[in-house]
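Protein sequence lines correspond, in order, to chains G and W.
So that you can map any letter, position 19 of the first sequence is 19 in the numbering used here, and since no number is skipped, the others follow by simple counting.
So that you can map any letter, position 16 of the second sequence is 16 in the numbering used here, and since no number is skipped, the others follow by simple counting.
Hints listed in this document are in silico derivations from the structure and should not be mistaken for laboratory results.
Glycine is no exception: its CB is placed at the ideal position from the N, C-alpha and C atoms.
You may find that some hints are simply not true.
Far from chain W by the CB rule (all over 10 Å, computed), these chain G residues [stated by the list, open to error]:
(1) L11
(2) T15
(3) R26
(4) L43
(5) E75
(6) L88
In silico EDC-like links for lysine to aspartate or glutamate, alpha-carbon gap of 20 Å or less [to be verified]:
(7) W:K16 <-> W:E44
(8) W:K3 <-> G:E75
(9) G:K9 <-> G:E53
(10) W:K3 <-> G:D40
(11) G:K9 <-> W:E61
For each label pair, taking beta carbons as the anchor points, the in silico distance ranges come out as [unchecked claim]:
(12) W:Q56 <-> G:R110: 39 to 45 Å
(13) G:G84 <-> W:D29: 38 to 44 Å
(14) G:A14 <-> W:D29: 24 to 30 Å
(15) G:F69 <-> W:S31: 44 to 50 Å
(16) W:I46 <-> G:T20: 22 to 28 Å
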Amino acid sequence: DSGVTQTPKHLITATGQRVTLRCSPRSGDLSVYWYQQSLDQGLQFLIQYYNGEERAKGNILERFSAQQFPDLHSELNLSSLELGDSALYFCASSARQGVGNEQFFGPGTRLTVL
Amino acid sequence: AQKITQTQPGMFVQEKEAVTLDCTYDTSDPSYGLFWYKQPSSGEMIFLIYQGSYDQQNATEGRYSLNFQKARKSANLVISASQLGDSAMYFCAMREGQGDYKLSFGAGTTVTVRA
């Protein structure tokens, strides 16, 4: 158990819908990262937050947004869902920024868009 | 350009034998970190081992060791005394010192341990 929690574990929805994925980082970790794992794209970085502020954006679609709240939990919002958004979405956290700081991954949320 | 390359899509290894998973990386940043993660069929990502670009010695964690060849930009993972529970997908990842500290992942290598 990494200490990072993600809810829900599974999510099945229809095209055009909007969903929210939730992540609670390890106690004390200030950085939260979101990754998407799909069969065709592999594991891709989406966005990072550090202590409530957005720090970096990766290959995140405009239909997707995220935020980190004062209690450090984070939410990833996916809207106008398309079939291609079906993927495993991971949240990871680390205590600090820096090259050597290990990222601890949550169990992931498996999103299926029908 | 691909930052992390894993050229072995799948490998079979006999139980109790060692297996080496290849990883090459591309960066011009002098400060970077290399990570290996294991993803079993259940889906979670499990951290295995870390090697920093300035580390003089190869990293080891139990049955995992990292063969770090900086000049060749390679960071191969060696799993010794393979166990059935080692069957999983293994990802090599890199974090660079400049910028956002995100992890860039390779495509992964599937390891199947045979009894």
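Okay, the hints, checked on the actual structure:
1. L11: For G:L11, whose nearest Cβ neighbour in chain W is about 14 Å away, the distance exceeds 10 Å, so it holds.
2. T15: holds, 24 Å
3. R26: holds, 12 Å
4. L43: violated, 4 Å
5. E75: Holds, because the least Cβ-Cβ distance between G:E75 and chain W comes to about 19 Å, which exceeds 10 Å.
6. L88: The claim breaks: G:L88 does not keep its Cβ more than 10 Å from every Cβ of chain W (closest is about 6 Å).
7. W:K16 <-> W:E44: violated, 24 Å
8. W:K3 <-> G:E75: Between W:K3 and G:E75 the Cα gap is close to 28 Å, so the pair fails against 20 Å, i.e. violated.
9. G:K9 <-> G:E53: Given that 20 Å is the threshold and the Cα spacing comes to 26 Å, the pair is violated.
10. W:K3 <-> G:D40: Roughly 17 Å separates the two Cα atoms, so the pair holds.
11. G:K9 <-> W:E61: violated, 30 Å
12. W:Q56 <-> G:R110: 39 to 45 Å: holds, 41 Å
13. G:G84 <-> W:D29: 38 to 44 Å: Since G:G84 and W:D29 have Cβ atoms about 32 Å apart, the given range 38 to 44 Å is violated.
14. G:A14 <-> W:D29: 24 to 30 Å: violated, 43 Å
15. G:F69 <-> W:S31: 44 to 50 Å: violated, 31 Å
16. W:I46 <-> G:T20: 22 to 28 Å: Because 26 Å falls inside the window, the suggested range holds.
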